[in-house]
Amino acid sequence: MMLKQIRKADIFSKAAVPISQAAFPNPFNPGLEYNTPEHSHWNIVHIGMQLPESRQIYICGDNCMRGVVMTAAEMAASDRFAMVLLQDQDLLDSDLTQVTLRGIEDCIEKWQTHPKAVLVFPVCLHHFMGTDMDQVYEILEEKYPDIFWLKCWMDPIMQKRGTTPDERERLEMTRPLYDLPEDLSQANLIGMDVPLAGAAENDLTALFKRGGIQLNEISKCQDFETYRQTGAAGLELYISSFSKLAAEGLAKRLKRPCLFMDALWNEDEIDPALYALGDFYGWDLAAWLETRKAQAEEAVQFAKAQIGGMPIAIDTVGVLRPLSLARMLTAHGFNVVRLYADGFSEAEHEDYLWLKEHAGNLTICSTLRPEMRRWPEPKEKVLAIGPRAAWFEKSPTFVQMIENGGLWGYGAWIGLMKSMMDACAHPKAVKPVITQKGWGCACTL
Amino acid sequence: MKTVYTKIPCYSGDVSGAASALFELGGMVVIHDPSGCNSTYNTHDEIRWYEQESLIFISGLNDMDAIVGNDEKFVADVVEAAQSLHPRFVALCNSPIPYITGTDFEALAAMIEDQLDIPVFYIQTNGLHDYVSGAAGAFAAVAEQEMIQPIKTKPHSVNILGLTPLDFDAPGSAASLIQKLEASGWQVVSNWALDCEPDEILQAGSAAVSLVVSSTGWEAAQILKRRFGIPAVAGCPVGGFAPLVIDAMNQSEADGKNRIPYAEILSAKTNLKPETAVVGEAVGAASLGAALALDQGKAVQITVPTESPAALCPKASRTDGESAIEDRINRADCVVADPLYHTLLHRDTALVPYHHFAFSGRIGYDQAENVFEDSAYQKILERTENGSIK
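Protein chains in written order, with the working numbering: chain D, 1 to 445; chain E, 446 to 835.
Just chain D, same shape as in the assembly (with noise of 0.2 Å):
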């Protein structure tokens, strides 16, 4: 067959489809995919970097060692990490099992002193070739009973039909944490990256503090010992979805209370996930919400008057919830014009057929489909949140933010305005910002 003559401008139209015929929760069909030089999203080993005093051993090829041997390094931590290299034998003639064990062994005498944790990390193959996993972790933990052994995975060819291989080490995470007597004036925010915004731009931290509980993030632990106390927080709170199976695991674990702090941003589903918070703890906190409220509205007129009619894009790497976003937006009389995101959670219906009748502008746009390596710059210069959103527009006008940026609540209006002008005020250099690993981790480059 010969190739089809295909109108140039016909070439996005697998990739980017006015809302208004986009599909529900899948706007584009699965294809080939396209990386994007934006890599500020947080990967398998800035997750578990965050372990007090722990280490990470992979076992791949090289090709899978690369990615995460170079982003150690290039948090400076590359003295945490070590690697065992497969080679064609190890799969052809080889026992996996034990080539894994070794290779693991091996590691921790070159290590000379130990590690308070150990992440292990085997790889898909290691499904695919029959690897028995909990012979190897008996063993280890037999020999090494010093050290805590933390069953994590790569193996991202399950990740698109079960659990991601995030998802997996966060809920391993959880288990150091140690079955402590229930203390209400501590809780967990389980699985989150980004540390919490100050009060004036993050809801949970302003109440938390006003009623005097101690909200534990692992970021903020120093040693792993410190960390496994705050098992004794009295509720595991978690925010995004990625942080679901961990929470609720722990939660499991240790009989403890959960709740979903899903990072909404309208008034219809902010106030009832602040109520249930409330209600939990006992608080009243109508007075507090109605001045919250006022002021995060303020901040709002006060930026759609500096802003304008500018359009307006999102991604879902700067945005937890991107289509509850975009509405808040819109219905402020702000103009987005563009949200990149390959698909959506059932959770967001609501927010979809919002903007299917009130965003007649919003274009929705893949950031996998192959087509989208020759994304056009657009004619008028656009506002990006999210560094995703910043590479496909060339914008230097940008908010580089990754999960919310700490924001929660009214005070994420707050804060999310502020980053919006500050963002259309000092345009700023693409490459640099975008192209680093992990945003808010240590970086050398």
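It is worth saying that the hints were derived from the structure and are not from the lab.
Keep in mind that the hints are not guaranteed to be accurate.
[Unchecked claim] Straight-line C-alpha distance at most 30 Å; calculated DSS-like pairs for lysine-lysine:
no. : chain 1 : residue 1 : chain 2 : residue 2
1   : D       : 293       : D       : 304
2   : D       : 116       : E       : 518
3   : D       : 14        : E       : 447
4   : D       : 143       : E       : 447
5   : E       : 760       : E       : 743
6   : D       : 143       : E       : 452
Keep in mind that this is a model prediction, so the values were computed, not measured.
Keeping the supplied structure of chain D fixed, place chain E upon it in accordance with the hints.
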């Protein structure tokens, strides 16, 4: 176990090597992989991804497709993308899971080629080898293409083979090399393949000699010799070694024989305790080592941690595994190597930094040296003689 590493990273993988070799040739590279290969490649192994367009994609393989062999989806996805983006060719790369499930890539390539009017070929990667193997396979596949036809030989003309930013990362490296060859009276027919014109490669059959500047180009050179009778010379014209490379090219043009001019220089001094060691890809490290040996009159030890055809590796230089590399390089007083090797050096061994993108990637990239420029080479020479960094 020699495959255990706790101090240094691994080199770029074979899939990255293949993608890097083909980056500028206008094709579409498809890696049959679930996730990660493309991200790793464009973050750590490719400096051109942000500014320059190249069509490199993954298939997004999932577990069920791998188990039940849903090859139709792979074929359909590749055909759809090719019909939309119009590449000049399609190259398919393998990764660990399709490798162990025995996916028949030759058949997949044929099925895809049936639906497109462009060449479709398979590069034998599996994610378990380093970049040299992948890039070599990619260049070899290009050399086999029927589009490259025999043309009347142009006297004193040369193909440059094995030029990728994984080994030659400093900006301007290709231009400096070409200028050096032209200044010696040689006309460059084709450059495989950095800062290059893809159409020039179609003329490669007319060159009098192939100059192989890294191991990644050796296999392609042998194919060009078989197909068009073009002899190969392996070596980089750097420092005092450059005239010997040019002499070898002149001789090979005259007698049609392959030559590796650094081999003799380095083997002549192997009995002496090395004062300097050079670590890196075989041809690049050996060429730099030969230049230092000639210019300093001292023994230089070469350590090749990357895969390479045996013919290109100086005697006993191929070294596998972190511990073996550590033992070997610390026999020298001074080591010319990528800065990330500093973790292997003992207290009394000095390091002369020589950035290698295939090893440390973006880390220290702003310090990369273009050794085809005499000033950059002189800096290394001087540091090796005097100012070694302890």
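Results of checking the hints against the structure:
1. 293(D) <-> 304(D): 16 Å, holds
2. 116(D) <-> 518(E): 45 Å, violated
3. 14(D) <-> 447(E): 48 Å, violated
4. 143(D) <-> 447(E): This hinted pair holds, its Cα atoms lying about 22 Å apart.
5. 760(E) <-> 743(E): 17 Å, holds
6. 143(D) <-> 452(E): 23 Å, holds
When the structure is compared with the earlier hints, violations turn up for hints 2, 3 and for no others.
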